[in-house]
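K.L.:
Listed below are the residues making up each chain.
Number of protein chains: 2
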Amino acid sequence: MHYLTPSIRLRKTPFTQRVTETGVQAYTVYNHMLLPSYFRSVEEDYSHLKRAVQIWDVSCERQVEIRGPDAVKLLQLTTPRNLELMQNDQCYYTPIVDEAGCMLNDPVAIKLANDRFWISLADSDMLYYFKGLASGFGLNVSVFEPDVSPLAIQGPLAETLVSNVFGNEIKALKFFKHRLIRFQDQDMVIARSGWSHQGGFEIYVEGSKYGEPLWDYLFEAGQSLDVKAGCPNLIERIEAGLLSYGSDVTMADTPFEAGLSKYCDLETTTTCLATKALLKKQTPSRQIRPIEIEGPPLSPLTTYWPLNDKLGNNVGKISSAAWSPDFMTNIAIGMVDSASWGDGSQLLVESEEGKRTAIVKGKFWI
Amino acid sequence: MHYLTPSIRLRKTPFTQRVTETGVQAYTVYNHMLLPSYFRSVEEDYSHLKRAVQIWDVSCERQVEIRGPDAVKLLQLTTPRNLELMQNDQCYYTPIVDEAGCMLNDPVAIKLANDRFWISLADSDMLYYFKGLASGFGLNVSVFEPDVSPLAIQGPLAETLVSNVFGNEIKALKFFKHRLIRFQDQDMVIARSGWSHQGGFEIYVEGSKYGEPLWDYLFEAGQSLDVKAGCPNLIERIEAGLLSYGSDVTMADTPFEAGLSKYCDLETTTTCLATKALLKKQTPSRQIRPIEIEGPPLSPLTTYWPLNDKLGNNVGKISSAAWSPDFMTNIAIGMVDSASWGDGSQLLVESEEGKRTAIVKGKFWI
Chain A
6 MHYLTPSIRL
16 RKTPFTQRVT
26 ETGVQAYTVY
36 NHMLLPSYFR
46 SVEEDYSHLK
56 RAVQIWDVSC
66 ERQVEIRGPD
76 AVKLLQLTTP
86 RNLELMQNDQ
96 CYYTPIVDEA
106 GCMLNDPVAI
116 KLANDRFWIS
126 LADSDMLYYF
136 KGLASGFGLN
146 VSVFEPDVSP
156 LAIQGPLAET
166 LVSNVFGNEI
176 KALKFFKHRL
186 IRFQDQDMVI
196 ARSGWSHQGG
206 FEIYVEGSKY
216 GEPLWDYLFE
226 AGQSLDVKAG
236 CPNLIERIEA
246 GLLSYGSDVT
256 MADTPFEAGL
266 SKYCDLETTT
276 TCLATKALLK
286 KQTPSRQIRP
296 IEIEGPPLSP
306 LTTYWPLNDK
316 LGNNVGKISS
326 AAWSPDFMTN
336 IAIGMVDSAS
346 WGDGSQLLVE
356 SEEGKRTAIV
366 KGKFWI
Chain B
6 MHYLTPSIRL
16 RKTPFTQRVT
26 ETGVQAYTVY
36 NHMLLPSYFR
46 SVEEDYSHLK
56 RAVQIWDVSC
66 ERQVEIRGPD
76 AVKLLQLTTP
86 RNLELMQNDQ
96 CYYTPIVDEA
106 GCMLNDPVAI
116 KLANDRFWIS
126 LADSDMLYYF
136 KGLASGFGLN
146 VSVFEPDVSP
156 LAIQGPLAET
166 LVSNVFGNEI
176 KALKFFKHRL
186 IRFQDQDMVI
196 ARSGWSHQGG
206 FEIYVEGSKY
216 GEPLWDYLFE
226 AGQSLDVKAG
236 CPNLIERIEA
246 GLLSYGSDVT
256 MADTPFEAGL
266 SKYCDLETTT
276 TCLATKALLK
286 KQTPSRQIRP
296 IEIEGPPLSP
306 LTTYWPLNDK
316 LGNNVGKISS
326 AAWSPDFMTN
336 IAIGMVDSAS
346 WGDGSQLLVE
356 SEEGKRTAIV
366 KGKFWI
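Sequence order for the protein chains is A and B.
Under our numbering, the residues of the first sequence are numbered 6 to 371, in order.
Under our numbering, the residues of the second sequence are numbered 6 to 371, in order.
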């Protein structure tokens, strides 16, 4: 592995000081910002995440605030997901596409009021797309990045920690709903959400100055629960089938290819710019699939691994892979052509450590 | 320094294999892509760059291709620089701004034909802004990322290398002009440009498959010139006053604050969306300045260093700094309030290693 040279351009977060003190070993860069990638090791972080509770600095999920009378109108231009029934306490996972129906991002949209959203981003400058559309369509809306940095609390003991700290009523909060909590003199949005399958919350920390105090407060309160610093975990998120924009899904893919058809309401989203294009692309010729790779643990992938059928024809590629200690196999996410995507389909993957048998699975592991 | 965890999302380039073999030690991430940050050490790379010739993988200067009858119209919406007289063999350094006149990027625009540009990007997803504007204004234009990866040849011996390889007529190419060269069976654009003050060229390598053969060809031909792999050099670019978008200049700044007023033709660029806003911002209250910091070599900065006046009032910040072996002092770039920006103005900088005297300079070092 190579070093990452620090610079202002790779933004620190309100929690970076604490993340460093807690012993982060490696970073990735996400939305021009530092995102920890492991603390002890990916495997140790993984097993701890599955049994206790972790605090994650996911500030890099930068927010675009869309505010004004045309807020819904602007957002609906960009997504085939119907926003009409979305309530002011809801979060929506939202595929965002260009006019051709190609994926630009897959954020979580948080509706704060009828005229106000936060778009919690995957790794691309959606602010620029919203700005361009707002100017071009002359919309009555302002679009900007607020001083809001998500802090995730993830793991089976997350609810215990959060309710100990912010009160038992937090237990009633349903998945992908949000409400307010108070920390010091500040109201903050908390949602039951997060990029793991272990359950948990994301606090949208409004005001950078609250970052370190809140971090310290949660660690203090979580001592008896074996709270540790963590981050989105490669193994766990593959087990859960959580897609990474830029790796598993890119601008080359439609929501249908990304397996997100349940978020596409093409009949009712006539104002989405991509609806016409997507209507023609509803039957994809390739799609995201869980894939098991046989044999001993493989090193992390650094380039796409080609998938071939028995005749040697290329039928897809692997975009994420890791050894799962719990399932005792190499687990992966890949894009597979329709002729080969059936449950149990046997393929050959060209990994950086040679050819291996790969089996397409019917569902993800957890 | 921390490790950078590899992933597909941090894209490799057509040259990454060669860059690795040549001994890159650290990377940064730029436009979702790997950009080498040093090979031997920043200091050794610096002195070699100033005496010989280096090959730089600057693929991360991703291109947005704008093609179609409305290409000029679209680009002019985004920049206060007048494009009317731009010729088909010219490159323009182009501040790009939003409607409020805030900097979104500072790319080099390469005009290939009356209806065709490549926008060679600094670190932000301008593709998204152009896409949004094109949709919103209903422009007759297509906007996409072509398979084009710039390879820079920089240093005092760059012209010798390039003319040895591609013919003596390349010597007639003027600064920020481009022409075609042929490599194998492919025409490629070459410009006299690059992110150093040492002179040189950028080849816009069209087709990833040509990356390694071209790299090998240039290294073979450059052996007698002591050609080495290099990359944009922190020390040299501060000496030359080359700004880094995301560090020295951000969306919080106007072109006037960035010191780019000579690229703002507000009287004649009435179709630029920001002209009205920029007319009110022509007299900035702060501006980019070269700054010398006294005392022994400082460690690289990882956060903005505040600049204070003698009374202890904050009057700006340092965004880039390095020790210059040639000028035997700490050189820096900072944003300074108007009352304190005069040549010779004496300030105090709060570096990560304590307070130091800082002197505002009238011009950059080279």
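Check each hint, because a few of them may be wrong.
Identical copies carry no separate label here, and so any pair may be met within one copy or between two of them.
Computed cross-link-like contacts, EDC-like style, restricted to lysine to aspartate or glutamate with a CA-CA straight-line distance of at most 20 Å [what the hints assert, rightly or not]:
(1) 17 - 355
(2) 78 - 94
(3) 17 - 357
(4) 17 - 358
(5) 214 - 152
Note that these hints are calculated values from the structure, not bench results.
K.L.:
Hint by hint, note whether the structure agrees.
P.N.:
Against the structure, the hints:
When the C-alpha separation of residue 17 and residue 355 is checked against a cutoff of 20 Å, the pair qualifies only between copies, where the shortest distance is 18 Å, while the shortest distance within a copy is 37 Å. Taking the closest pair of Cα atoms, residue 78 and residue 94 come within 20 Å of each other only inside a single copy of the chain (19 Å); across copies the shortest separation is 42 Å, beyond that limit. Only between protomers do residue 17 and residue 357 lie at most 20 Å apart by alpha-carbon distance; the minimum there is 15 Å, versus 33 Å within a single protomer. In the homo-oligomer, the alpha carbons of residue 17 and residue 358 lie at most 20 Å apart only across protomers (19 Å), although the nearest pairing inside one protomer, at 35 Å, exceeds that limit.
With identical chains, the CA atoms of residue 214 and residue 152 are at most 20 Å apart within one copy only, with a shortest distance of 10 Å there and 43 Å across copies.
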